[in-house]
Amino acid sequence: MNFWEYLGTRHQQLLTDTYQHASAVFQCMVIATVLGVLIGVVSYRSGWGGSLAITSTSAVLTIPSLAAIGLLIPLVGLGVPPTVIILTLYGLLPIVRNCIVGLRGVDPSLVDAAKGIGMSRTRRLFKVELPLAWPPILTGIRVSTQMLMGIAAIAAYASGPGLGNEIFRGLASLGSANAINQVLAGTIGIVILALLFDAAYVLLGRLTISRGIRA
Amino acid sequence: MTPSHQAPPKGERPPGEHDVGGHAFRDEEAEPSPPPSGPKRRITWKKLVLVPAVCAVVLVATYLWITNVDLDSVAQNSLAGDTVQLRWWQHVRLTAISTFWVLIIAIPLGIALTRRGLKKAAPGVTALANIGQATPAIGLLALLVIWLGIGPSTAIIGMVIYAVLPVLSNTVAGLNSIEPTLVEASRGIGMSAMGTLTKVELPLAVPLILAGVRTALVLNVGTATLATFGGGGGLGDLITSGIQTQRMPVLVLGSVLTVVLALLVDWLASLAELWLTPRGLEEA
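Protein chains in written order, with UniProt numbering: chain L, 1 to 215; chain C, 1 to 284.
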């Protein structure tokens, strides 16, 4: 059976896996973005809090995802829970860091000017600071998503959902005729998903980055 | 300090003051700056101790837990003899060898891509690198296993392919971010292209290259956990056999050791970064 025949006969399974992969990554990215920006907003003003957030996130990023999944399994079991926790946790990290860096990079004179025309603290944050810090935050979201695509594949080993299952099925049946098809389908599917997400973020950037700071 | 400051003041003025048209002027740096007391210590005590201390505490706690928990025969088999040490050293070896090859390949290639002849190829390589980065490590490894068969060398090849990209793009970015006037100046005073590269460009690009090396090391420790899926050994073996046999002590031990190794490697790389950055590039 060649690759195209394989795609033809298994498209149902493949589409389900692809959909689950994309939806797991997307949902976890939404949670991670909300949490990440919240943590960034809370901590960027204190030098101590901000550097604590940045050091701890970069320390967590050095931990291999398979080891992190391994540490979660005794606590939450196999399947969806460790996958969601791992994806959200790792997705959080680049966003927190870029959010803090972005908010700290906002020109203080602009914040002062906003204060001068009578904006409240909340309005300053939402009307001035966050729009200016949005491009680096969006970059963080892109980096996170790409990373999560790969981590989600590994999470399939802990019975998580998604295209990683194709890859592990292929690895489990090494030598069989379909092994290469399964691995190829899983890998190429993930690459395509990653590129599609990336294109979507470029579009999102076009639509949401404030016109005044667009390059 | 400009030479005029060093000129001895006229007798009637205390050192550091000048007499200009009857008015006394005092130097900004009137107090003699303390003599440079040797190189300032860049590697602080806290940086040196914190990570190893945390790792030691975690290791001791895990050891105490493993020795006190009831291990059934399956778990004992998984940890029998010197399996744990063997896996640890396999992991270290996988990481070290793959990082070595990454550096050998990526840094010269990065230099070549910033030379005049190949500069046009750079955007193509960057685009390729971006697509490569979107490839999941486990998929790449699985394809290599099917293609080349199982074994540590397959795992190492996969790790090298996966980690070459960040080091390469960091090297190119580091060399491209150098101010062109500096390169021109060094050519202007008669340095050869090679001299400019080794004496000016590479030292200036060191921080970014080192950051790339650190990224490669950390990535490789992580990808080495996947070597187990290609029969490459390493600490991933403990994790996967823990998951398959549902023996939590084996799983936790494998995971904890991997985390400790990753933190230690990152810590060593951060020390190397501080150590190897040229003094002139340090932030004041």
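Simulated from the structure, these hints should not be mistaken for laboratory data.
Certain hints may be false.
As the list claims (entries may be wrong) - Here are the simulated distance ranges between beta carbons:
id : chain 1 : residue 1 : chain 2 : residue 2 : range
1  : L       : GLY49     : C       : THR198    : 41 to 51 Å
2  : C       : GLY188    : L       : SER210    : 40 to 50 Å
3  : C       : VAL69     : L       : ILE209    : 46 to 56 Å
4  : C       : LYS199    : L       : ASN2      : 47 to 57 Å
5  : C       : THR181    : L       : VAL76     : 49 to 59 Å
6  : L       : LEU204    : C       : GLY81     : 46 to 56 Å
7  : C       : LEU118    : L       : LEU78     : 43 to 53 Å
8  : L       : LEU78     : C       : GLY151    : 21 to 31 Å
9  : C       : THR277    : L       : PRO108    : 25 to 35 Å
What the hints assert, rightly or not - Some residues of chain L that are not near chain C, with every Cβ distance over 10 Å (derived):
id : residue
10 : ARG121
11 : LEU171
12 : VAL191
All residues carry an ideal CB built from backbone N, CA and C; glycine is no exception.
Hints violated by the structure (listed by number, smallest first): 11, 12
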